[in-house]
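Turn these sequences into a full structure, and let the hints guide you.
Single-letter residue listing:
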Amino acid sequence: MAVDVDEKDRLKGDKKIPLGVFIKRVFRYLKPEIGRFILAGILILINVGLDVVLPLITAAVTDNLSSETPVLSYLILMACVYLVICVINNVFLYFESMVLQKAGQEIIYNLRMEIFSHIEGMSLSQFTEMPVGSLVTRVTSYTQSMSDMFTNVIVSVIRNLLTVVSVYAIMFVINWKLASLLLISVALVFVSSLIFSKYVSGAFKKERQAVSDLNAFMNETLSGMKTIKLFNRQKGKLDEFDEKNTFMRRARFNVIKGFGIYRPFVSFVYITTMALIFWFGIKMGLSAGSIVAFYLYTGRFFNPVQQLADQLNNIQKAKSASERLFNLLDVKPEVRDLPDAEELTDVKGRIEFENVWFAYEGENWILKDVSFVIEPGETCAFVGATGAGKTTILGLIVRNYEIQRGRILIDGKDIRHIKIKSLRKAIGQMLQDVFLFSGTVKTNITLHDDTIPDEDVKAACKYVNADTFIEKLPQQYEDAVSNRGENFSQGQRQLLSFARTVLHKPKILILDEATANIDTETEAVIQASLEKMRSIGTMLIVAHRLSTIQHSDQIIVLQNGEIIERGTHQELLANHGYYWKLYRLQFENQ
Amino acid sequence: MLLGKHLNKYYLRYWYLFLGGIAALIAVDYVQLFLPRYLGDIVNILNAEGPLDVDTVGSLCLKLLGVAAVMFFGRMLWRFTLFNASFRIESGLRREMFQKSERLSQRYYGETKVGSIMSWFTTDLEEIQDYTGFGTVQIVDSMFLGLLVIVNMFAMDWVMASFAMIPMLLIVVWGVLVEKFTAERWTDRQEKYDKMYDFTQENFTGISVVKAFVKETSEIHAFAKVAKKNKDANLRFAKVHILFDTLIELIIGLILALIMGFGSWFVFAFVSGSPVSIFGHEIALDPGQLVTFIGYFDSLIWPMIALGMLVSMLGRARASLKRVSAFLDSPEDVANCKDAKVLKDVKGEVEFKNFSFAYPANPDTEVLKNISLKIEPGELIGVVGRVGCGKTTLLTALSRLYNVESGTVFIDGNDIMECDIASVRDSVAFVPQDSFLFSSTVGKNISFSKPDATEEEIREAAEFADVADNIDAFPESYDTVTGERGVTLSGGQKQRISLARAYLKQAPVLILDDSVSAVDVRTEEHILENIREGRRGRTTIIIASRISSVARADRILVLKNGEVEAFDTPAALEKISPTYAKMVELQALEDEIKGGDV
Numbered sequence: 001m002a003v004d005v006d007e008k009d010r011l012k013g014d015k016k017i018p019l020g021v022f023i024k025r026v027f028r029y030l031k032p033e034i035g036r037f038i039l040a041g042i043l044i045l046i047n048v049g050l051d052v053v054l055p056l057i058t059a060a061v062t063d064n065l066s067s068e069t070p071v072l073s074y075l076i077l078m079a080c081v082y083l084v085i086c087v088i089n090n091v092f093l094y095f096e097s098m099v100l101q102k103a104g105q106e107i108i109y110n111l112r113m114e115i116f117s118h119i120e121g122m123s124l125s126q127f128t129e130m131p132v133g134s135l136v137t138r139v140t141s142y143t144q145s146m147s148d149m150f151t152n153v154i155v156s157v158i159r160n161l162l163t164v165v166s167v168y169a170i171m172f173v174i175n176w177k178l179a180s181l182l183l184i185s186v187a188l189v190f191v192s193s194l195i196f197s198k199y200v201s202g203a204f205k206k207e208r209q210a211v212s213d214l215n216a217f218m219n220e221t222l223s224g225m226k227t228i229k230l231f232n233r234q235k236g237k238l239d240e241f242d243e244k245n246t247f248m249r250r251a252r253f254n255v256i257k258g259f260g261i262y263r264p265f266v267s268f269v270y271i272t273t274m275a276l277i278f279w280f281g282i283k284m285g286l287s288a289g290s291i292v293a294f295y296l297y298t299g300r301f302f303n304p305v306q307q308l309a310d311q312l313n314n315i316q317k318a319k320s321a322s323e324r325l326f327n328l329l330d331v332k333p334e335v336r337d338l339p340d341a342e343e344l345t346d347v348k349g350r351i352e353f354e355n356v357w358f359a360y361e362g363e364n365w366i367l368k369d370v371s372f373v374i375e376p377g378e379t380c381a382f383v384g385a386t387g388a389g390k391t392t393i394l395g396l397i398v399r400n401y402e403i404q405r406g407r408i409l410i411d412g413k414d415i416r417h418i419k420i421k422s423l424r425k426a427i428g429q430m431l432q433d434v435f436l437f438s439g440t441v442k443t444n445i446t447l448h449d450d451t452i453p454d455e456d457v458k459a460a461c462k463y464v465n466a467d468t469f470i471e472k473l474p475q476q477y478e479d480a481v482s483n484r485g486e487n488f489s490q491g492q493r494q495l496l497s498f499a500r501t502v503l504h505k506p507k508i509l510i511l512d513e514a515t516a517n518i519d520t521e522t523e524a525v526i527q528a529s530l531e532k533m534r535s536i537g538t539m540l541i542v543a544h545r546l547s548t549i550q551h552s553d554q555i556i557v558l559q560n561g562e563i564i565e566r567g568t569h570q571e572l573l574a575n576h577g578y579y580w581k582l583y584r585l586q587f588e589n590q
Numbered sequence: 001m002l003l004g005k006h007l008n009k010y011y012l013r014y015w016y017l018f019l020g021g022i023a024a025l026i027a028v029d030y031v032q033l034f035l036p037r038y039l040g041d042i043v044n045i046l047n048a049e050g051p052l053d054v055d056t057v058g059s060l061c062l063k064l065l066g067v068a069a070v071m072f073f074g075r076m077l078w079r080f081t082l083f084n085a086s087f088r089i090e091s092g093l094r095r096e097m098f099q100k101s102e103r104l105s106q107r108y109y110g111e112t113k114v115g116s117i118m119s120w121f122t123t124d125l126e127e128i129q130d131y132t133g134f135g136t137v138q139i140v141d142s143m144f145l146g147l148l149v150i151v152n153m154f155a156m157d158w159v160m161a162s163f164a165m166i167p168m169l170l171i172v173v174w175g176v177l178v179e180k181f182t183a184e185r186w187t188d189r190q191e192k193y194d195k196m197y198d199f200t201q202e203n204f205t206g207i208s209v210v211k212a213f214v215k216e217t218s219e220i221h222a223f224a225k226v227a228k229k230n231k232d233a234n235l236r237f238a239k240v241h242i243l244f245d246t247l248i249e250l251i252i253g254l255i256l257a258l259i260m261g262f263g264s265w266f267v268f269a270f271v272s273g274s275p276v277s278i279f280g281h282e283i284a285l286d287p288g289q290l291v292t293f294i295g296y297f298d299s300l301i302w303p304m305i306a307l308g309m310l311v312s313m314l315g316r317a318r319a320s321l322k323r324v325s326a327f328l329d330s331p332e333d334v335a336n337c338k339d340a341k342v343l344k345d346v347k348g349e350v351e352f353k354n355f356s357f358a359y360p361a362n363p364d365t366e367v368l369k370n371i372s373l374k375i376e377p378g379e380l381i382g383v384v385g386r387v388g389c390g391k392t393t394l395l396t397a398l399s400r401l402y403n404v405e406s407g408t409v410f411i412d413g414n415d416i417m418e419c420d421i422a423s424v425r426d427s428v429a430f431v432p433q434d435s436f437l438f439s440s441t442v443g444k445n446i447s448f449s450k451p452d453a454t455e456e457e458i459r460e461a462a463e464f465a466d467v468a469d470n471i472d473a474f475p476e477s478y479d480t481v482t483g484e485r486g487v488t489l490s491g492g493q494k495q496r497i498s499l500a501r502a503y504l505k506q507a508p509v510l511i512l513d514d515s516v517s518a519v520d521v522r523t524e525e526h527i528l529e530n531i532r533e534g535r536r537g538r539t540t541i542i543i544a545s546r547i548s549s550v551a552r553a554d555r556i557l558v559l560k561n562g563e564v565e566a567f568d569t570p571a572a573l574e575k576i577s578p579t580y581a582k583m584v585e586l587q588a589l590e591d592e593i594k595g596g597d598v
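These protein sequence lines map, in sequence, to chains A and B.
With our numbering, the residue at position 500 of the first sequence is 500, and numbering never jumps.
With our numbering, the residue at position 180 of the second sequence is 180, and numbering never jumps.
Keep in mind the hints are simulated off the structure, nothing from the lab.
A virtual CB, placed ideally from N, CA and C, is assigned to each residue, including glycine.
Please note: incorrect hints may appear among the correct ones.
[As the list claims (entries may be wrong)] Facing chain A, from chain B, some residues (calculated, C-beta under 8 Å):
no. : residue
1   : Tyr197
2   : Phe204
3   : Leu254
[Claimed, not checked] Which residues of chain A face chain B? A few of them, derived with a C-beta cut under 8 Å, are:
no. : residue
4   : Arg36
5   : Phe37
6   : Gly41
[Claimed, not checked] Taking lysine-lysine and the DSS-like style, the derived pairs with C-alpha atoms no more than 25 Å apart in a straight line are:
no. : chain 1 : residue 1 : chain 2 : residue 2
7   : A       : Lys31     : B       : Lys239
8   : B       : Lys560    : A       : Lys235
9   : A       : Lys102    : B       : Lys180
10  : B       : Lys344    : A       : Lys102
11  : A       : Lys31     : B       : Lys347
12  : A       : Lys102    : B       : Lys582
13  : B       : Lys9      : A       : Lys235
14  : A       : Lys226    : B       : Lys239
15  : B       : Lys195    : A       : Lys442
16  : A       : Lys317    : B       : Lys180
17  : B       : Lys338    : A       : Lys226
18  : B       : Lys494    : A       : Lys235
19  : A       : Lys102    : B       : Lys228
20  : A       : Lys31     : B       : Lys231
21  : A       : Lys581    : B       : Lys582
22  : B       : Lys341    : A       : Lys235
23  : A       : Lys235    : B       : Lys444
24  : A       : Lys421    : B       : Lys231
25  : B       : Lys229    : A       : Lys442
26  : B       : Lys231    : A       : Lys235
27  : A       : Lys226    : B       : Lys341
28  : B       : Lys450    : A       : Lys235
29  : B       : Lys494    : A       : Lys226
30  : A       : Lys226    : B       : Lys100
31  : B       : Lys338    : A       : Lys235
Structure follows, in structure tokens:
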């Protein structure tokens, strides 16, 4: 079990990628948006430049007012310049943010398409190894983190660095001694921001943990309330709840503690620095304007320094998200087309198993030396207890898994030399639990293929007798399917799955019958449509109700992965063997 | 203010935290306004003719340090008190809700989805926490700081202050508008994201269908559509969001430029000796005062924004409090009656008298009709019948998860409607069909029914349920964690652990509701043997779908369509109950088939 968990973790991808390779791969996603990034870069440059000028204007106004001969027109001019810069600056800022947003959204979109398509191409067996939840987060949120790295993190790092450097340069020019003194405060803020950002990301992590813990507990407790009451354990559960509830309150408060010390501290440093500037500024004999400029620049200095520390953390986060994405992209599908694979054309529908052996893992054989032939147009049924290997046979024909020994032939061709897509297109699969997607009845039949005309959908439904119940729905074919189709009965689901299959015009049909009980009326409808569908082509059925298969051309009885009986319904009954007993059991139970 | 009967008591309980926090906020707000004044003073000192007044500068700098210190401690204090209080309110309310959830009956859970209850527990409580914590800060800041600044500005020069107030309103309007315009797009963006999330999740879950129909390409196209919608919604939101961000900066810049322009003119006129006169009022403004005035304006931005945001925040918090209160006030229908009798030394006699039952959700359909029967203490009883004949419902009635009609169900001759509920449930150990286990260790799951059980007792219970060998084979035996984060148990293992849990309780009445359906025949045989031995002298009731499970019971109850078809010894039943006879016949056939299986 422990090994299993590790395997899953490895698939989730925590493999380190060398930095050089990493940067190269990352740059690939940036390339299509390079124009936008350059534009944003230019805007940032202008922005930072203009921003740096503003305090100089205020300083000029102050100096002019303090001079012996203030000039009114100059003052008004300065105010106007201030206003114009302000307007230009904000307009540029708006465009810059928009350009970056667009670039970011494009990158996310492309990245998502790539990841989704990649996952979609993986083999069915690989899906059982990877938890759906973590695949979903890769498509939805990791892509965001990666794009964040370009549009948010790197861009702000650049902007902040530019600001810090240019602001400091100006202060240095005005008075290098005072500017050097300022370094103490800057260092204090930077270091405290580093510490804070580290602390608070840890505290946030704990908080998230506490929240998800409590939520999981709540969900379980509410779902298991009956059990709790039956055993009078309300008190015990309340104690458990108290522990988690308090833990969460503390975890949340710990985050606030971080902010509660850090924020006031930074503002304390800021005001203290102001006092220092005034005191030393006057001592060093700076003009009123210069002191005001220093004062204003210090304000512009603190924010970027604080942010820089935070961004160092974010880069790390974005990097690990991207790494996981790359790791996933490096997973190759397990079942792949061989180089010499051919298209399957003009399917007759002859299916042959030639000494097939199969195990999901190791020597744990599910099928042992199974051989049979189904002629074109025949209907063949598989019968046997749970775990006898019936469903496995169906999965092997469509190459969900590779067999270990023997051959599977369709029209005499080994399926390993047939292109997977063309193989599956030829075979209509009606799976055991009919999976319905959110959408409408129609989209569940067409499966998002918009090129299929409505008439064809209706014809398919009519063919399998699904039209009767669909037309009774309030919005018929446009009726909503929600919550995985909770609002449809087992029988209705089965009919929808028939319609799906018939619509896609297969040459071979395989049906894994649902085990659930279906009401008699629907059962009769299903039987009638099955009877019709037999004329479409070769049909393979795994049946749980023997009534379904009485008219089959061939019935194969399996036990523990081996064929123990075969023949028609009448022949098998005459045999008085396993099938006969099964039949009596079911028949009399009705 | 957010008020409500469930919330007010917390304000009273944590009054000192609120008081301390609000006092700290007010202190910070108050000293904060010294800053612009000192700044103005310094400018004036710099402007003054003659030698610099170094002493005054020195004392001003010291005062600045004093303000910095007060602000440091004050800001720390209000964060540590107000947020502390709001988190305590949140966790206190959550605790009340949890207790409530334990008191509500199964009827409530039948009518309300766990998902909705969860959202009250999470989103709504957070909304309330946000308002009581950060909301309080916003109220105090917008009221106190806002007023204080305005008063100060008017005290300096009422004409200038009045002119400055006009653009100030723009900021309040901005605060209101920003919520209005961004909220809708933000929700839309969230919805589109959820849609994409759901699509992805559904697609990966239903991947077998996609593969079966070779729909990879069309699914990718469909995904492209939802992903594009998500992108567009993000950009739509970004557009207004960035626009509003820019707007507020623009408004502030505009006002600053205006103050600077007009201010310079006023100062210039004042310094040149011919002050500007508006409405007959001469504006006397020196450069220092202009700096102070700008500083005041700067301090006013946040309170104004806060004021604008408060409106919608209060609306959301009120709606959340309403939902939380509705949950806390929902009626508890299964509760002890007055002077409820506490059952003690229960012998295990069970009796139904003219018992009929319909589920609250479906009051017109009687699942059970006029059941009358009596089970003697110490009997081993089997219950059989077709799916839906009411077996489970009949015996669940003994646990009083739902109310029953008075005078119909008795334990040891006591009407269960008049007994203390906890003592009723203590006398009956019920092993339900769906074996619900908690994500905890195997040992704790077994001792769930008796937390103070010794290791030997837990082991004995596991042996009784024939699951001890399986548990020993687990990596950490009884300390192995079950559920999502641990070992996945098979259906049969779950059933047997759930049986061990019920057995450990050593209750006078033990009920097994088809609870060994997923174990193989031999293990079942073993468990039945253990029941006959281990439960000797105590009432045990086994609901079964296979006749073999109850063949050796003292008496078997056969139910048909909610009524008693027969209740007698197994031997007698074959003659008097057609349902039972049929079951026996089928069982024989099934055994034959199973025999071929081995």
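Which numbered hints fail: 4, 5, 6, 8, 10, 11, 12, 14, 16, 24, 26
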